[in-house]
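Chains A and B are the protein sequences, given in the same order.
Under my numbering, the residue at position 248 of the first sequence is numbered 245, and the numbers go up by one with no gaps.
Under my numbering, the residue at position 33 of the second sequence is numbered 39, and the numbers go up by one with no gaps.
Simulated from the structure, these hints should not be mistaken for lab results.
Owing to the predicted nature of the structure, the values given are computational and were not obtained by experimental measurement.
Hints may contain errors.
Below are the EDC-like pairs computed for lysine to aspartate or glutamate, each with C-alpha atoms no more than 16 Å apart in a straight line [unchecked claim]:
| hint | chain 1 | residue 1 | chain 2 | residue 2 |
| --- | --- | --- | --- | --- |
| 1 | A | Lys72 | A | Asp113 |
| 2 | A | Lys352 | B | Asp154 |
| 3 | A | Lys14 | B | Asp292 |
| 4 | A | Lys152 | B | Asp292 |
| 5 | A | Lys107 | A | Glu150 |
| 6 | B | Lys173 | A | Asp113 |
| 7 | B | Lys173 | A | Glu81 |
| 8 | B | Lys325 | A | Asp41 |
| 9 | B | Lys115 | A | Glu210 |
| 10 | B | Lys115 | B | Asp82 |
| 11 | B | Lys115 | A | Glu169 |
| 12 | A | Lys107 | B | Asp52 |
| 13 | B | Lys17 | A | Glu161 |
| 14 | B | Lys133 | B | Asp45 |
| 15 | B | Lys112 | A | Glu161 |
| 16 | B | Lys133 | A | Glu103 |
Derived Cβ-Cβ restraints for the label pairs, each shown as a range [said to hold, decoys possible]:
| hint | chain 1 | residue 1 | chain 2 | residue 2 | range |
| --- | --- | --- | --- | --- | --- |
| 17 | A | Ile271 | B | Lys226 | 38 to 46 Å |
| 18 | B | Phe236 | A | Val370 | 34 to 42 Å |
| 19 | A | Val370 | B | Glu67 | 19 to 27 Å |
All C-beta atoms, glycine included, are put in the ideal place defined by N, C-alpha and C.
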Amino acid sequence: MKTFFRVFSRELGIIFKDHSIILTVLIAPILYAFFLGSIYLYKDADQIDFAVVDMDRTSTTRELYRFMDADQKIKMIGTLGSYEEGVDRLYKMDIQGFLYFPHGFEDDIKSLDGADVKLYLNTTRFMPSNDLNNAVQQILLTYGAGVRLRYFEAKGMTQATAMELVEPLSAEVHPIYNTTNCYGNFLLPGLFLLILQQTLLIGFGESIAKENEKSKFSKLFAAGKNKLLQIIGGKMGFYALLYVGYFLFFFTVVFHAFEIPIKGNLLAVAFMSILFLFSVLFYTLFFASFFHSQKRYMEIIAFTSYPLFLICGYSWPLSAMPLPIKWLSHTIPTTPFFNGFIKLGVMGGGWASVKGYIFNLIILVLLSFVAVVWRWRYLGKKPEDIIRT
Amino acid sequence: MRELDRIVHQKSTRNLLLFIPVCVFLLLSFIYVKGILHDIPVAVYDKDNTELSRAIVRFIEASPETKVVRYLDSSDDIKNVFLENNNIEAIYEIPNGLSGNVYSGKSTKIGVYTNSSNIIFGNTIYKEAEDVVNTVNAGILIETFMKDGMTEDQAMNLALPIRVSVKPLFNPNYNYLYYLVPGLMTVLLQMILFFVTTRAINSEFNNNTFRDLLLAAKGKILNILFGKAFAYLLMGLLILLFIIGMIYPLFGIPINGNLLLILGFFIIFFVSVIFLGLMLSCIVKDEILALDIAFFYNSPAFVFSGFTFPIFAMPLFDKFYAQFIPYTHFLYGFFKLFQMNAPARYARPEILVLLLFIVIGFVGSVIALGIRTKKFLQQKAL
């Protein structure tokens, strides 16, 4: 144990003498969590700028305008004079879409000829265009149901009977696990876990690359009296403790602050988090040891955030990725942990729902540990030679 | 030429300018190669089991967006289906008595449960479920109206009094490859250029090569800045050539706009990023600290830009902060010129802001480098 504590305290010395590691592992996790998390504070996008091109100018089109204006998702910015003006406002990105009422729209409805409208959407970004599409279509369907209601009432039916007939069948959509289907609730858990992963990967890796850069591996092994497991344990001990603390803090304070409940088996969440933490530590011990410059390590690893997040299937489903990418995704701890966390934390599952992910994580922990022992034994044997290379 | 030589011989810049674009850009494109989600696995629980309910199931089966992978029965607990089956993203529950209700004039609801822990699935299935049910609904109404003596046309027009023709402009199929990959690559391009320029000046001092640099620039700060900026601009353009000339054709990503306009806009963007990076490099002597700042500034650029989550939905502080990142302004110009094929005048506001970034970066660099050069020369004189 003495050896372990010697390496452990030596690591503390490295951390507190290096402002970059301090910034990355001691300040960045909390700062990023609130700084980036705040983007999604309102969770969803409402009041999307929208307009109508009204060539009909009748009471029906004005009524539909008012219905749209009253919708939470839509912010009507006005009535435009022509299709060209609509396109002009789209190009300026003042509006995200517009609805075109042709001449004779009201007459076509009243004479039961069926009226046509065109809904133009700016699909350069999916979220506003999807929301507008759903909201406008719903309003027009409801209006259509109103037309049928008047027809049935005109035939002498009571309002109650007519109401039953206007829409014999409807879909009642229940978004489970994210009841408002909002973007913030979907993204934030993944974002928070990614912040923990990336700060650990960068901060801890910087310390290892720095040892390599400053030719200090021999000193590390000397401090650890060549006892490999104690050297590895001492080197990563502080980060392991710190990030256990972070996981606790994130799950209890940060998730709570952003109103994201953790619904599932907490013990399973804790167990998966520990497995994930150790797999990231071992991966870092292995990969960072190949870098001979702290700066180069940082530059390269800084670019892994997006690929790691996107490849794990959190935002774009794994089932839609090509086979080699799927295989690759299962070799990184992000994939089983993030997906397992959704099952546990978001969907409220228990051990049984994540056994596959836990198995995947255990395999990764074991394999990465073997790789670390192999690599670091090599580093310990001839540190001077390594330094020269 | 001196800077180009440095770029070629420095491992760091080589990594950033070669390794990252080739590996990361290709990987990102492969992730989204499918572009559109088809055959989303869904389950159906037909409690009614009548001709009408089976017709609804056939409609669900016929939808290209979804694929029925399981038929549930009374032994299944709907609450646990998503947890127990990794491959089911939605459940259609057709209630008992549906057929009887519909034909006796009672409105009935079909339950659609979506696994919205992933909103991509949630949104797609929501739309699909509405489409399927509305189609069946229209069919029932048409039948009812025709029984009342209407012609088929009249019945159709009353079943659907307003027909909506949706025109999704610029990305008509909602293809995620066309939507996300150009944005991701351009934000990483900003990060690459910022990172390399962040170490372009301070490393000269730290490696004791500043004197050589000063000599090569004939003692003129402007020569140093323009020389370096030009070299990095060339690198940026080479990466852009790789993106537009190789990755886009390889993955079939369309370029809707005028290439020359797009190129010009990219040059303005690159120059703004390069001068901001150079300014940081002139101000912060410690290369790692400069990299830390560059990382903190650049890594959230994508989420702040409003690409996936619109800026208007962000709190005031975030809206404000987003304006200080060149990528935010680039993105809107990029949408206009690249995806919308809008005339150049529409990108004027974004171009003006990027020019402002250039002025700030350039003036900041000149002042900071001037001070550091003066100090350097004073130290040498001593």
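Tested hints:
1. Annotation: proposed proximity of Lys72(A) to Asp113(A) is violated, straight-line Cα distance about 23 Å (limit 16 Å).
2. The suggested pairing of Lys352(A) with Asp154(B) is violated, with an alpha-carbon distance near 58 Å, which exceeds 16 Å.
3. With a CA separation close to 14 Å, the supplied pair Lys14(A) and Asp292(B) stays within the 16 Å bound.
4. Restraint check: the Cα-Cα separation between Lys152(A) and Asp292(B) comes to about 83 Å, which exceeds 16 Å; the hinted pair is violated.
5. Simply put, Lys107(A) and Glu150(A) have alpha-carbon atoms about 15 Å apart, close enough for the 16 Å limit, and the pair holds.
6. At most 16 Å may separate the alpha-carbon atoms for a hinted pair to count; Lys173(B) and Asp113(A) meet this at roughly 13 Å.
7. Between the alpha carbons of Lys173(B) and Glu81(A) the distance comes to roughly 15 Å, so the proposed pair stays at or under 16 Å and holds.
8. Between Lys325(B) and Asp41(A) the alpha-carbon distance is near 15 Å, which keeps this suggested pair within the 16 Å criterion.
9. Straight-line distance between C-alpha atoms of Lys115(B) and Glu210(A) comes to about 67 Å, which puts the hinted pair past the 16 Å bound.
10. Note on Lys115(B) and Asp82(B): the hinted pairing is violated, with a Cα-Cα distance of about 20 Å set against a maximum of 16 Å.
11. Restraint check for Lys115(B) and Glu169(A): satisfied, since their Cα atoms lie roughly 6 Å apart, inside the 16 Å limit.
12. Restraint check for Lys107(A) and Asp52(B): not satisfied, since their Cα atoms lie roughly 38 Å apart, outside the 16 Å limit.
13. For the suggested pair Lys17(B) and Glu161(A), the alpha carbons sit about 73 Å apart, so the restraint of at most 16 Å is broken.
14. Simply put, Lys133(B) and Asp45(B) have alpha-carbon atoms about 14 Å apart, close enough for the 16 Å limit, and the pair holds.
15. This hinted pair checks out: Lys112(B) and Glu161(A) have alpha carbons roughly 5 Å apart, not beyond 16 Å.
16. For the suggested pair Lys133(B) and Glu103(A), the alpha carbons sit about 27 Å apart, so the restraint of at most 16 Å is broken.
17. Taken as a hint, the range 38 to 46 Å is violated for the pair Ile271(A) and Lys226(B), whose Cβ atoms sit roughly 59 Å apart.
18. Judged by the Cβ atoms, the range 34 to 42 Å given for Phe236(B) and Val370(A) is violated: they are separated by roughly 49 Å.
19. Val370(A) and Glu67(B) have their C-beta atoms about 53 Å apart, which leaves the hinted 19 to 27 Å range violated.
When the structure is compared with the earlier hints, violations turn up for hints 1, 2, 4, 9, 10, 12, 13, 16, 17, 18, 19 and for no others.
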